[in-house]
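Given next are the chains, with one letter for each unit.
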Amino acid sequence: MRKLYHFNGGVHPPQHKSESTRHPIIKPPLPEKLVIPLHQHIGNTAKPVVSKGERVLKGQKIGRAEGYVSSAIHAPTSGTILSIEQEPVPHPSGLRDLCISLEPDGMEEWIELQPVDYLNTDPSTLRNRLRDAGVVGLGGAVFPSFIKLNPSNRKIRTLVLNGAECEPYITCDDMLMRQRAAEIVEGAKIMRHMLQADEILLGIEDNKPEAIAAMKAASGDEMEVVAVPTIYPGGGAKQLIRVLTGIEVPAGERSTDLGVQCFNVATAASVYRAVRYGEPLISRIVTIAGNVANPGNYEALIGTMIDHLILQAGKNEEENVAIMGGPMMGFDLPSVRVPLVKATNCIIVKSEKLFPKRPAPMPCIRCGRCAESCPADLQPQELYWFSKAGNFGKAQEYALFDCIECGCCSYVCPSSIPLVQFYRYAKSEIWAQEREKKASDLARIRHDFRIERIEREKREKAERLAQKSAKAGSEQE
Amino acid sequence: MNSPYLAKTPSVTEIMAKVLLALIPAIAALVWFFGPAILVSLCLASATALLCEAAMLKLRKRPVTPFLMDGSALLTAWLLALSIPPMGPWWLIVTGTAFAIVIAKHLYGGLGSNPFNPAMVGYAVLIISFPVQMTQWLAPASLAQAHLDFSTILHYMFSGSLPSPLDAYTSATPLDTLKTQLHLAKPITEIMTLPIYGKMGGVGSEWVAAAYLLGGLYLLQQKIITWHVPFAFVATIFVFSGIFNLYDPALHAGPFFELAGGATMIGAFFILTDPVTGPTTPRGKLIFASGAGFLTWIIRTYGGYPDGVAFAVLLMNICVPLIDAYTQPPVFGKKK
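Chain order of the listed sequences is W and S.
First residue of the first sequence? That's 1 in my numbering, and the numbers climb one at a time after it.
First residue of the second sequence? That's 1 in my numbering, and the numbers climb one at a time after it.
Keep in mind the hints are simulated off the structure, nothing from the lab.
One thing to keep in mind: the hints can contain errors.
What the hints assert, rightly or not - Derived Cβ-Cβ restraints for the label pairs, each shown as a range:
#	chain 1	residue 1	chain 2	residue 2	range
1	W	Lys3	S	Trp227	54 to 62 Å
2	W	Lys353	S	Phe158	52 to 60 Å
3	W	Asn153	S	Leu217	28 to 36 Å
4	W	Pro361	S	Phe158	50 to 58 Å
5	W	Trp431	S	Leu50	41 to 49 Å
6	W	Gly393	S	Leu217	39 to 47 Å
7	W	Gln396	S	Phe158	53 to 61 Å
Note that the structure is a prediction, hence the values are computed from the model and not measured.
Think of the CB as a built atom: it goes at the ideal place given N, C-alpha and C, for glycine as much as any other residue.
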């Protein structure tokens with residue numbers, strides 16, 4: 001048995017996982033329209049490379065990666081480009097973003113796929129392949145995977161695969177591990193090769209015995225499957241790395257500097273498909289749960305409308321209430337008429353019964369439950385106090401930016417204070433202030449340059465005049 | 001609505017209710033050993049606290065019902081009533097409670113914002129302003145020369161007259177007696193043979209202390225409080241009184257007497273554990289409670305008052321911001 005480590009804090013919310021794991025992953029029928037946002041990843045928005053009215057094939061690139069931190073976007077099926085316009089996207093702001101709308105033709109006609117033999121391909125070619133295939137982290141952060149697969153000169157000892165899936169309701173990784181264990185193992189092998197890592201550790205919370213068994217059966221000697229204790233947020237990358245390796249990755253530092261890299265299991269599977277078959281990331285598994293008749297996991301094309309998926313899960317009423325992500329860290333969708341994106345791991349249809357409104361906040365009584373539950377070992381009551389008072393300097397001193405916004409503090413607060421919102425507010429204020437400061441610094445530098453230039457020109461003019469008059473004077477003599 | 005969408009926690013009201021519940025055994029013991037006077041003073045204190053709380057909330061333009069229902073005012077009232085002689089004139093407990101709620105709590109910003117434990121501020125005001133009334137503790141029923149019933153108690157509290165002289169009902173507390181007897185140069189062994197002393201502390205009061213301990217264990221089990229404060233407070237008093245008792249048993253009472261006597265137990269589990277006026281970090285709690293234990297022992301041994309819990313608490317309350325600032329636990333990933 002591997003020695004497991006411990007992180008402080010954490011909570012045990014009711015799991016609600018059995019509801020959506022009763023039947024295998026379902027492939028919903030092809031929707032009538034797909035709306036594919038061009039910004040589905042951390043980094044720069046992809047640049048559209050198709051035009052309105054053009055016919056595209058399944059897997060054809062329709063948006064190319066722009067700049068280094070970016071990722072490509074592909075047509076999830078064959079059909080015609082309807083428009084390239086600003087459309088509503090699944091973002092808490094409710095703002096629109098540039099999307100490509102596609103009308104499927106039902107032919108599912110693939111582009112010509114180009115598999116790669118990874119063992120005989122150099123890592124930089126593989127990274128470009130993944131960048132071109134639009135592979136991003138599917139755990140929710142959607143960071144372009146090729147960047148994380150570049151070890152530079154760092155020695156990666158351990159590749160951690162994250163199958164913990166600690167948030168309630170979400171079961172997409174659980175079902176993926178049960179049904180496609182081999183793909184995950186193969187993907188992990190490719191990643192290990194790219195990172196030149198010594199070992200692969202797969203952490204799965206012990207509330208998923210089927211997934212653990214399936215992964216153990218598939219992994220052979222390639223990797224070690226480790227059952228980790230079920231505790232939220234045990235699936236946070238830093239928490240899982242801590243539990244499996246004992247290493248604590250401080251905020252602002254990269255785990256690779258400490259010899260560890262961490263990927264979600266679904267990302268490993270999509271790396272495998274991108275390399276072994278040349279398939280870009282055009283679909284993902286999403287859990288549809290909550291107030292629906294038939295909760296389950298759906299392998300949906302990117303760009304499928306969320307309401308289409310909710311309908312598949314047996315909810316007919318047109319209701320404008322769904323959470324994207326889990327109940328601890330997710331957010332209210334502005335509407336269910338938004339497309340599924342690469343980050344959409346779960347949709348929870350809300351109801352008053354499942355998520356009763358919390359009572360009005362009371363003052364903080366400094367009971368310290370939040371500090372006991374904080375997995376980052378912060379003092380949330382102090383951060384709350386400073387954030388509320390607008391004392392952002394002090395909030396930073398108390399490590400505001402080490403907060404991972406897991407929500408444990410709010411979960412246990414007897415005064416029902418929406419603590420995380422206060423931290424988000426404080427962070428965004430600090431960012432805004434920093435931007436302003438940068439802008440004003442830049443303006444000041446420009447101003448100084450201008451003054452200097454004017455001075456210099458004056459000086460030069462004066463010198464020229466002096467020379468001229470000196471010359472004239474000497475000529476007169 | 002924002003994430004997290006889930007919550008599992010007792011509300012402030014439930015927490016306060018559990019603390020009130022945990023006080024019931026001690027109240028029962030007080031009634032059993034000292035008669036029903038405590039019930040009258042608890043009622044007076046509760047009524048005063050709720051009225052003052054409502055009035056202050058109105059004046060401060062805060063919603064009255066939710067804050068009145070949080071139970072914090074009631075808890076302050078009970079803790080004060082349990083800390084002062086149960087049979088005083090009515091205005092004694094009313095003044096103390098009103099001061100605690102109006103001045104110590106609301107003028108500092110109400111629930112969650114008061115730096116000093118309101119009940120202990122009330123106590124300090126009373127013991128400084130009305131020292132005579134504050135020393136008239138009831139004698140245990142088994143030792144009192146006259147019997148007390150409800151009507152006598154009520155009659156006394158509101159009119160000040162009694163069928164027998166007041167002395168027939170009251171006696172100095174075990175800690176007070178110890179102090180005066182030590183001044184008379186009597187050795188502890190002889191003092192402890194006085195009728196007011198029981199097995200560990202005073203007759204009756206040692207059982208009240210045991211009942212506070214019971215209530216405190218319930219709070220620990222319910223995770224309303226953590227072990228740090230009661231442990232550090234009790235251990236500090238135990239260690240200091242133990243060492244000095246070993247050094248000179250004729251001058252210093254034994255550690256178990258110090259734990260069972262006075263306000264040690266109510267202090268350890270109910271007063272020092274007030275979250276609002278105490279530190280929040282685990283190390284801070286240990287420092288805070290050890291400091292309070294040390295001060296309590298100092299005041300008892302060398303100070304002018306027989307007991308020192310209230311002043312110890314208030315003095316340590318002053319230190320809380322400093323203690324919190326210097327005991328911040330290391331953040332994840334930044335441990336040395």
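These are the hints, each one checked on the structure:
1. A beta carbon spacing of about 28 Å between W/Lys3 and S/Trp227 contradicts the range 54 to 62 Å that was offered as a hint.
2. In this structure the supplied range 52 to 60 Å holds for W/Lys353 paired with S/Phe158, their Cβ-Cβ distance being about 53 Å.
3. At about 58 Å, the beta-carbon gap between W/Asn153 and S/Leu217 misses the expected band of 28 to 36 Å.
4. Between W/Pro361 and S/Phe158 the CB atoms are about 42 Å apart, so this pair departs from the stated range of 50 to 58 Å.
5. The hinted window of 41 to 49 Å between W/Trp431 and S/Leu50 holds, with their beta carbons roughly 46 Å apart.
6. Checked against the hint of 39 to 47 Å, the pair W/Gly393 and S/Leu217 passes, with Cβ atoms roughly 43 Å apart.
7. Under the hint 53 to 61 Å, the C-beta atoms of W/Gln396 and S/Phe158, about 58 Å apart, fit the expected range.
Hints 1, 3, 4 from the earlier list are contradicted by this structure; the remaining hints agree with it.
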